[in-house]
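Using the sequences plus the hints, can you model the full thing?
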Amino acid sequence: MRKWMMLALLALAAACGGDDAMGDTDAGPTGPEPGELGWPCARNADCNSGLCLEAGVCTESCVDTATCPESWACDPVPGAGLLCQCSLSSVEELCNGVDDDCDGVVDLGATCPEGLVCEGGSCTCPPEERCDGECVDRQSDARHCGACGNACPSGQACEGGACVVMCSAGQTRCGDSCVDVASDARHCGACDAACSAGGVCEGGACVCAAGTT
Numbered sequence: 001m002r003k004w005m006m007l008a009l010l011a012l013a014a015a016c017g018g019d020d021a022m023g024d025t026d027a028g029p030t031g032p033e034p035g036e037l038g039w040p041c042a043r044n045a046d047c048n049s050g051l052c053l054e055a056g057v058c059t060e061s062c063v064d065t066a067t068c069p070e071s072w073a074c075d076p077v078p079g080a081g082l083l084c085q086c087s088l089s090s091v092e093e094l095c096n097g098v099d100d101d102c103d104g105v106v107d108l109g110a111t112c113p114e115g116l117v118c119e120g121g122s123c124t125c126p127p128e129e130r131c132d133g134e135c136v137d138r139q140s141d142a143r144h145c146g147a148c149g150n151a152c153p154s155g156q157a158c159e160g161g162a163c164v165v166m167c168s169a170g171q172t173r174c175g176d177s178c179v180d181v182a183s184d185a186r187h188c189g190a191c192d193a194a195c196s197a198g199g200v201c202e203g204g205a206c207v208c209a210a211g212t213t
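Positions 1 to 213 (the numbering used here) are the ones given, in order, by the sequence shown.
Quick caveat, the hints were computed from the structure, so don't treat them as lab data.
Just so it is clear, the structure is predicted and the values come from calculations on it, not from any experiment.
Watch out, some of these pointers could steer you wrong.
Stated by the list, open to error - The calculated label-pair distances, taken between Cβ atoms and stated as ranges, are:
(1) S89 with G149: 40 to 48 Å
(2) E119 with G146: 23 to 31 Å
(3) G146 with S87: 45 to 53 Å
(4) L88 with S61: 18 to 26 Å
(5) G155 with S183: 20 to 28 Å
(6) E33 with S87: 20 to 28 Å
(7) G161 with E33: 43 to 51 Å
(8) S87 with G149: 43 to 51 Å
(9) A169 with S87: 53 to 61 Å
(10) C135 with E202: 47 to 55 Å
(11) T172 with G120: 41 to 49 Å
(12) G120 with G146: 22 to 30 Å
(13) Q171 with E114: 35 to 43 Å
(14) Q171 with G121: 44 to 52 Å
Note that CB positions come from ideal geometry on N, CA and C, so glycine has one too.
Rendered as structure tokens:
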């Protein structure tokens with residue numbers, strides 16, 4: 001009985017381990033492992049390959065540029081042969097499609113202004129803020145009002161993600177209508193501020209109709 005319990009526990013552990021492995025594959029690019037290409041180094045002994053570049057990162061031998069990380073080059077080094085080479089252009093990774101900090105991964109950890117993400121070597125809006133590949137504000141874009149492809153009808157604008165009637169100068173939008181609050185008895189001075197029966201709206205104020213008191 002104890003043997004079967006152990007086997008069951010081992011099977012459960014293997015299944016959980018499989019889930020973790022699946023999660024790792026979705027984590028996206030990561031930095032170099034200790035001693036591997038792109039790892040910071042001060043001397044050759046710091047690198048698994050025994051090769052530390054003057055840029056202060058580990059490297060490895062190569063056949064051509066295609067065998068090196070993106071934006072690196074395969075160049076000859078006296079006494080060492082062909083090595084993957086990187087020119088350290090910045091201590092911080094920039095969003096420019098170049099491996100600035102020579103960690104072996106282009107744009108890894110690159111920062112962008114608030115609200116933007118680094119993609120394809122440039123800072124852009126996140127995927128959830130795009131429609132047809134274009135950055136849009138679905139709170140105000142009349143072509144994509146509230147959702148991609150939800151275009152407002154002619155004569156309407158997008159406000160707060162909803163299509164609303166556009167009113168001309170001197171008019172105020174009350175509900176779905178444009179009114180002149182200076183003279184509209186139903187909206188006198190403000191939306192829904194109706195005048196009492198028999199009253200009229202003049203200059204945004206309710207007054208008695210001519211001939212009445």
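So which hints don't hold here, by number, going up? Those not satisfied: there are none.
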